[in-house]
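Work out the full structure, taking the sequences as your base and the hints as a guide.
There are 6 protein chains.
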Amino acid sequence: MSPRQPIEYRDAPPEVRAVFDDIKRTRQIKDVNNFWRYLAHDPPTLKRTWDSIKEVMAPGALDSLTKEMIYLAVSVTNGCGYCIASHNAAARKAGMSDAMFGELMAVVGMANETNRLANGYRVPIDLAFEK
Amino acid sequence: MSPRQPIEYRDAPPEVRAVFDDIKRTRQIKDVNNFWRYLAHDPPTLKRTWDSIKEVMAPGALDSLTKEMIYLAVSVTNGCGYCIASHNAAARKAGMSDAMFGELMAVVGMANETNRLANGYRVPIDLAFEK
Amino acid sequence: MSPRQPIEYRDAPPEVRAVFDDIKRTRQIKDVNNFWRYLAHDPPTLKRTWDSIKEVMAPGALDSLTKEMIYLAVSVTNGCGYCIASHNAAARKAGMSDAMFGELMAVVGMANETNRLANGYRVPIDLAFEK
Amino acid sequence: MSPRQPIEYRDAPPEVRAVFDDIKRTRQIKDVNNFWRYLAHDPPTLKRTWDSIKEVMAPGALDSLTKEMIYLAVSVTNGCGYCIASHNAAARKAGMSDAMFGELMAVVGMANETNRLANGYRVPIDLAFEK
Amino acid sequence: MSPRQPIEYRDAPPEVRAVFDDIKRTRQIKDVNNFWRYLAHDPPTLKRTWDSIKEVMAPGALDSLTKEMIYLAVSVTNGCGYCIASHNAAARKAGMSDAMFGELMAVVGMANETNRLANGYRVPIDLAFEK
Amino acid sequence: MSPRQPIEYRDAPPEVRAVFDDIKRTRQIKDVNNFWRYLAHDPPTLKRTWDSIKEVMAPGALDSLTKEMIYLAVSVTNGCGYCIASHNAAARKAGMSDAMFGELMAVVGMANETNRLANGYRVPIDLAFEK
Numbered sequence: 001m002s003p004r005q006p007i008e009y010r011d012a013p014p015e016v017r018a019v020f021d022d023i024k025r026t027r028q029i030k031d032v033n034n035f036w037r038y039l040a041h042d043p044p045t046l047k048r049t050w051d052s053i054k055e056v057m058a059p060g061a062l063d064s065l066t067k068e069m070i071y072l073a074v075s076v077t078n079g080c081g082y083c084i085a086s087h088n089a090a091a092r093k094a095g096m097s098d099a100m101f102g103e104l105m106a107v108v109g110m111a112n113e114t115n116r117l118a119n120g121y122r123v124p125i126d127l128a129f130e131k
Numbered sequence: 001m002s003p004r005q006p007i008e009y010r011d012a013p014p015e016v017r018a019v020f021d022d023i024k025r026t027r028q029i030k031d032v033n034n035f036w037r038y039l040a041h042d043p044p045t046l047k048r049t050w051d052s053i054k055e056v057m058a059p060g061a062l063d064s065l066t067k068e069m070i071y072l073a074v075s076v077t078n079g080c081g082y083c084i085a086s087h088n089a090a091a092r093k094a095g096m097s098d099a100m101f102g103e104l105m106a107v108v109g110m111a112n113e114t115n116r117l118a119n120g121y122r123v124p125i126d127l128a129f130e131k
Numbered sequence: 001m002s003p004r005q006p007i008e009y010r011d012a013p014p015e016v017r018a019v020f021d022d023i024k025r026t027r028q029i030k031d032v033n034n035f036w037r038y039l040a041h042d043p044p045t046l047k048r049t050w051d052s053i054k055e056v057m058a059p060g061a062l063d064s065l066t067k068e069m070i071y072l073a074v075s076v077t078n079g080c081g082y083c084i085a086s087h088n089a090a091a092r093k094a095g096m097s098d099a100m101f102g103e104l105m106a107v108v109g110m111a112n113e114t115n116r117l118a119n120g121y122r123v124p125i126d127l128a129f130e131k
Numbered sequence: 001m002s003p004r005q006p007i008e009y010r011d012a013p014p015e016v017r018a019v020f021d022d023i024k025r026t027r028q029i030k031d032v033n034n035f036w037r038y039l040a041h042d043p044p045t046l047k048r049t050w051d052s053i054k055e056v057m058a059p060g061a062l063d064s065l066t067k068e069m070i071y072l073a074v075s076v077t078n079g080c081g082y083c084i085a086s087h088n089a090a091a092r093k094a095g096m097s098d099a100m101f102g103e104l105m106a107v108v109g110m111a112n113e114t115n116r117l118a119n120g121y122r123v124p125i126d127l128a129f130e131k
Numbered sequence: 001m002s003p004r005q006p007i008e009y010r011d012a013p014p015e016v017r018a019v020f021d022d023i024k025r026t027r028q029i030k031d032v033n034n035f036w037r038y039l040a041h042d043p044p045t046l047k048r049t050w051d052s053i054k055e056v057m058a059p060g061a062l063d064s065l066t067k068e069m070i071y072l073a074v075s076v077t078n079g080c081g082y083c084i085a086s087h088n089a090a091a092r093k094a095g096m097s098d099a100m101f102g103e104l105m106a107v108v109g110m111a112n113e114t115n116r117l118a119n120g121y122r123v124p125i126d127l128a129f130e131k
Numbered sequence: 001m002s003p004r005q006p007i008e009y010r011d012a013p014p015e016v017r018a019v020f021d022d023i024k025r026t027r028q029i030k031d032v033n034n035f036w037r038y039l040a041h042d043p044p045t046l047k048r049t050w051d052s053i054k055e056v057m058a059p060g061a062l063d064s065l066t067k068e069m070i071y072l073a074v075s076v077t078n079g080c081g082y083c084i085a086s087h088n089a090a091a092r093k094a095g096m097s098d099a100m101f102g103e104l105m106a107v108v109g110m111a112n113e114t115n116r117l118a119n120g121y122r123v124p125i126d127l128a129f130e131k
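Chains as they are written, first to last, in our numbering: chain A, 1 to 131; chain B, 1 to 131; chain C, 1 to 131; chain D, 1 to 131; chain E, 1 to 131; chain F, 1 to 131.
Think of the hints as simulated: they come from the structure by calculation, not from any bench.
Nothing here was measured: the structure is a model prediction, and the numbers come from that model.
Warning: the hint list may mix true and false statements.
Pairs count within a copy or across copies, as identical chains cannot be separated in the list.
In silico DMTMM-like cross-links for lysine to aspartate or glutamate, where the CA-CA straight-line distance does not exceed 25 Å [said to hold, decoys possible]:
#	residue 1	residue 2
1	K30	E8
2	K47	D22
3	K93	E15
4	K93	D31
5	K54	D22
6	K47	D31
7	K93	D126
8	K93	D63
9	K30	D126
10	K47	D126
11	K30	E130
12	K54	E15
In structure tokens, the structure reads:
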């Protein structure tokens, strides 16, 4: 089997179905998205990645919306097309408004700019930041 | 003058002093940090960058703490040492607890991992994300 | 001529044909892929890049399969769509199985995650690594 | 407690000690390196990251040396100083010779170069790579 | 309104039209390109970004062509598809010939290669560079 | 021999000395910098990299100063500390003034910002750029 086609539920082995079922139950969705259907080519990676995402993205000291926006900020910085589309959708679902998206993008843009200004001017770390 | 030394207030021309004064007033701090003292080698970039940061980081649809955490997430992804140190300090000042930092780092780590899984498996964007 | 179209063998000047011929002979393929047909817009870059690739990718202390998997790992980290597709194909041809691809992706994913954890926690290098 | 100091075994809570013990047992080393002592500030991330690394880095379809070299290739591409130092040490321990390191670096360098040539020339993916 | 569609002049509020008019006047073009029509979803970011670009890209110590080629070099390094296409067009308009583009790409490729060789060999900075 | 120490001329084998001599002659300098002394651990990579750099950085359609500034722009974007230091020195030697450095950094900063705005807003490429 080539990893170039997604694995559908009906064709999936039991350990893949178990993960798909848990994703659908946890997120209360009818079907899993392409990311999981491609990872299903490697069942241990599918299970480990889902277990980690489920633990990491559960609300804790940070709420789900903040976590989704951080995920989107990283994906935009890395230029991952799939991840930008999927985490934009997830952040919207968690409550990100157009105004919040606009401000998120403004911060991400400025951070990417000033990261390079700090690199290029070779700015040494202030002692105050080390205390 | 070599750009290898920071510009101190006492040696700065009026247009640089005006920016330094506005940073100190806006942030209620006694002195500006190294980033601004190095940018001061190029006064138009100093002024433009500060004006942009002041506008972008002001609380709006997102509060200051969320904005600082997004800034930190980008800086960690890019591996900018200075920016990680300074925005960690800024996020702490804005209220980031140890628990929040821990969850922020966990999300940043997972996003950087799954960004590459999506790249490598060449996952096509789900139609549902385009509606 | 705009660099937006590939250069075909029949239209290529002698120094480009010489490189195309060497690629086909070395790799035992009938035609060169798009990468070389685009680089052909700049014959010195075409020749220099092919000479380097030929030297670097020849089996030595590392075999061809290991080299192709390292190439793929870098391309996935950088998110280069063309390079992921072409080096996935090259690694498959050199013997990469589905199971090997799955483990390669798992390592690439974890490395991208822990690189950011090390950045964000600002972990100092252990003395033991410097000996 | 500030996340700026590593957590030592003697000061660690039981769930951290359990992970440290497992790392030492699995890798047959006397003490864990700084990466784990910093992650220990966030015990769930420590445990999850170690469990994932242990699973991902175990020999399978790829041997330990190949996995460590892929880890190093990613770390060099991302410019993560700590990760380059620690995975260089790990790869050496797993059997990487000077000659293998030299060839690994040559491949990583060329991949980073040709990734940008493919980007800049906007090379379309060959149909042959999609079959 | 979803940020998935560009904002057309006829539908734009006055503050967006004012920026569009200034872009058209400054660049002497009939219509603004997609980048600005998407940023128009967030008028303050549209205005701030345009004001910055207008200031930064104006000829000064560096001429317009050099600035556009630097912009393209960064976009190629980051792998931003839109930015590569738009700044290639802008650099051509400013006078970049096929030969100049070829040499630009050769430099960008080599820089991305040697950046990783310097990382991987962990080369310490020469004292001579610090004077 | 560990790759952790630079190779000095007096300890170098003939093929390394030949490259060192050519670098010194071409650049009219008394001694080669650390980059070459570390690459000397792998003589074929040393020779290939120097031959490529010598060809790529020679003045052609672009002059030496423009090439050095493009090299610096890439190094700043990638955050390579050694490369920023060494190519800043090289660009200064080739004639980069403080004002030119300031404008270069301003362009690099804006390009890194707008690259992410284009990613995040998922801006489609204008048809006009494809003609």
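Here's how the hints hold up against the structure:
Taking CA atoms no more than 25 Å apart as the test, K30 paired with E8 passes inside one copy only; the shortest distance there is 13 Å, against 36 Å between copies. When the C-alpha separation of K47 and D22 is checked against a cutoff of 25 Å, the pair qualifies both within a copy, at 10 Å, and between copies, at 22 Å. Taking the closest pair of Cα atoms, K93 and E15 never come within 25 Å of each other, the shortest separation being 28 Å inside a single copy and 30 Å across copies. When the C-alpha separation of K93 and D31 is checked against a cutoff of 25 Å, the pair qualifies only within one copy, where the shortest distance is 16 Å, while the shortest distance between copies is 34 Å.
Proximity of K54 to D22 under the C-alpha cut-off of 25 Å is found in both arrangements, the shortest distances being 10 Å within a copy and 24 Å between copies. When the C-alpha separation of K47 and D31 is checked against a cutoff of 25 Å, the pair qualifies only within one copy, where the shortest distance is 17 Å, while the shortest distance between copies is 30 Å. Taking CA atoms no more than 25 Å apart as the test, K93 paired with D126 passes between copies only; the shortest distance there is 16 Å, against 40 Å inside one copy. For a Cα distance limit of 25 Å, the shortest separation of K93 from D63 qualifies both inside one copy, at 13 Å, and across copies, at 19 Å.
With identical chains, the CA atoms of K30 and D126 are at most 25 Å apart between copies only, with a shortest distance of 14 Å across copies and 51 Å within one. Taking the closest pair of Cα atoms, K47 and D126 come within 25 Å of each other only across two copies (21 Å); inside a single copy the shortest separation is 43 Å, beyond that limit. For the identical chains of this complex, K30 and E130 are inter-copy neighbours only, at 17 Å across copies versus 49 Å inside a copy, given an alpha-carbon limit of 25 Å. Taking identical chains as interchangeable, the C-alpha atoms of K54 and E15 lie at most 25 Å apart whether they share a chain (17 Å) or sit on different chains (20 Å).
Of the numbered hints stated above, the single one contradicted by the structure is hint 3.
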